Amino acid sequence: MTLAQTKTADSLSIYGETVGSRLLLGTSQYPSPDILRRSVEASGSEIVTVSLRRESSGDGKAGQRFFDLLKSFGARVLPNTAGCHTAREAITTAHMAREVFETDWIKLEVIANDDTLQPDVYGLVDAAEKLTRDGFKVLPYCTEDLSVAQRLVGAGCQVLMPWAAPIGSARGLMNPYGLRTLRAFYPDLPLIVDAGLGAPSHAALALEMGYDGVLINTAVAKAADSVAMAVAFAKAVEAGRLAYRSGIMPPRDMASPSSPVAGLALL
Amino acid sequence: MKITVNGEALATDAATLDSLCRELGFADAKIATALNGAFVPKTERATAALADGDAVEILSPRQGG
Chain A
12 MTLAQTKTAD
22 SLSIYGETVG
32 SRLLLGTSQY
42 PSPDILRRSV
52 EASGSEIVTV
62 SLRRESSGDG
72 KAGQRFFDLL
82 KSFGARVLPN
92 TAGCHTAREA
102 ITTAHMAREV
112 FETDWIKLEV
122 IANDDTLQPD
132 VYGLVDAAEK
142 LTRDGFKVLP
152 YCTEDLSVAQ
162 RLVGAGCQVL
172 MPWAAPIGSA
182 RGLMNPYGLR
192 TLRAFYPDLP
202 LIVDAGLGAP
212 SHAALALEMG
222 YDGVLINTAV
232 AKAADSVAMA
242 VAFAKAVEAG
252 RLAYRSGIMP
262 PRDMASPSSP
272 VAGLALL
Chain B
386 MKITVNGEAL
396 ATDAATLDSL
406 CRELGFADAK
416 IATALNGAFV
426 PKTERATAAL
436 ADGDAVEILS
446 PRQGG
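Heads up: the protein sequence lines correspond to chains A and B, in order. Here the numbering used here = 1-based position in the first sequence + 11. Here the numbering used here = 1-based position in the second sequence + 385.
Bound conformation, chain A alone (with noise of 0.2 angstroms):
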C-alpha cells in the first residue's frame, strides 16, 4: 500500500461531503496573501476557514480581493463566528456569512472570555440548535466535555471540533483523558481537533488517538516558514492517520525482547 493509495482509500465525510485531507486549515496571519496561497496548496487542505469582519476600505474592494484569493484555492471555505460572545451574535454573523460565502456551512465560536478564548458551552448549545432549525451545517468549536457534546449532538451537530489548547497557545493536546473518552463515546461521528496545536507532533498524536482531522491556523502562518511548515503537518495528519488505521501497539511496564530468544549462541 502507498501513501498515496492510502489517502484515496480514507476519505473523511463531513455533512455528506467526502473531503480527502484531514488537514483544515485556517487563513488569518500569514506574512502575505501569497505566503497564505502557497501554504494552503502545499497543505493539501480541502476546507479553509475565514471570517466577516467590518469593510474598512469603503468601497469593498478589500473583503472583494480576499474573496477572488479563496476563490483561486479551489477549497471548500468555512466562515467562522470568531468574536461572538452571545449565541445572538453567532447566529445573526452566521446568518451574514451564509449569504457572503454562499455556503451552508458554518464554524460555529461562541466565546465565554477572552483570555482564554474557551467556548461558552451555553451559548454554543443555542445557537446550535437555532442555526441547525435555519438550514445550518454546524460545525462548533467546543472543549472535550462529554455532556457539552451530547448536547450538540442532539442539537443536530453532525461534526464536532473540541479544541486541544486556548486558541494559538501552542500547547498541544491539554487533555488527551477526555478528547480519547470522547472518541471513545462517538466512535462514528467525525471529530476535529480546533484550536491549540503548535507542532505537527500535536497533530499527528491527535490522529493516532482517532480523531478524524485538525484545524490548524496559527502554529502554519506564525511558522519561519509557513509552507514548509504546512507540509509537515500534512506529513503529520498523514502519518498519524496510517498509524491509527494500522492498529498501535499497547505500551507495556515490561521489556520484551524483539530478536528471538531461542537460538542465542553460548560464547
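Just so you know, the hints here were simulated from the structure itself, not pulled from any lab data. Worth double-checking, as some hints may not be accurate.
[Said to hold, decoys possible] Capping the alpha-carbon separation at 27 angstroms, the derived lysine-lysine pairs in BS3-like fashion look like this:
hint, chain 1, residue 1, chain 2, residue 2
1, A, 82, A, 72
2, B, 387, A, 148
3, A, 233, A, 72
4, B, 387, A, 233
5, A, 246, A, 82
6, A, 82, A, 233
7, B, 427, A, 72
8, A, 141, A, 72
9, B, 387, B, 427
10, A, 141, B, 427
11, B, 427, A, 82
12, A, 233, A, 246
[As the list claims (entries may be wrong)] Ranges of calculated distance between the beta carbons of each label pair, as one might list FRET restraints:
hint, chain 1, residue 1, chain 2, residue 2, range
13, B, 391, A, 123, 22 to 28 angstroms
14, B, 421, A, 191, 44 to 50 angstroms
15, A, 72, B, 393, 15 to 21 angstroms
16, A, 212, B, 431, 41 to 47 angstroms
17, B, 392, A, 262, 36 to 42 angstroms
18, A, 191, B, 408, 40 to 46 angstroms
19, B, 408, A, 242, 55 to 61 angstroms
20, A, 123, B, 395, 30 to 36 angstroms
21, B, 393, A, 158, 49 to 55 angstroms
22, A, 133, B, 392, 23 to 29 angstroms
Every value quoted in this text rests on a predicted model; they were computed, and no experiment measured them. By construction, the Cβ of each residue, glycine as well, lies at the ideal position given by its N, Cα and C atoms.
With the hints as your guide, set chain B onto chain A.
Only chain B this time, still in chain A's reference frame:
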C-alpha cells in the same frame, strides 16, 4: 438623519439600507449587512427603511481561523 455605520457616526439622507450601501460605494461589493443587530439579506435591503439613530453593520470576507 444621524446613524452609525460600523461603529462610526454618519449623517445621511439615504432612506433605505440599499441606498446607504450605494452611497458608501458598496453597490457591487461582496458584503453582508445588519440593521440594529438583525441580519438584512441583500434582497431586503431596498425595503429596509433607515431611521435616526439606527446602527448599521457592513461586513465583508476576511482572513479567519
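Please list, smallest to largest, the hint numbers that this structure does not respect. 2, 4, 8, 16, 17, 18, 19 and 21
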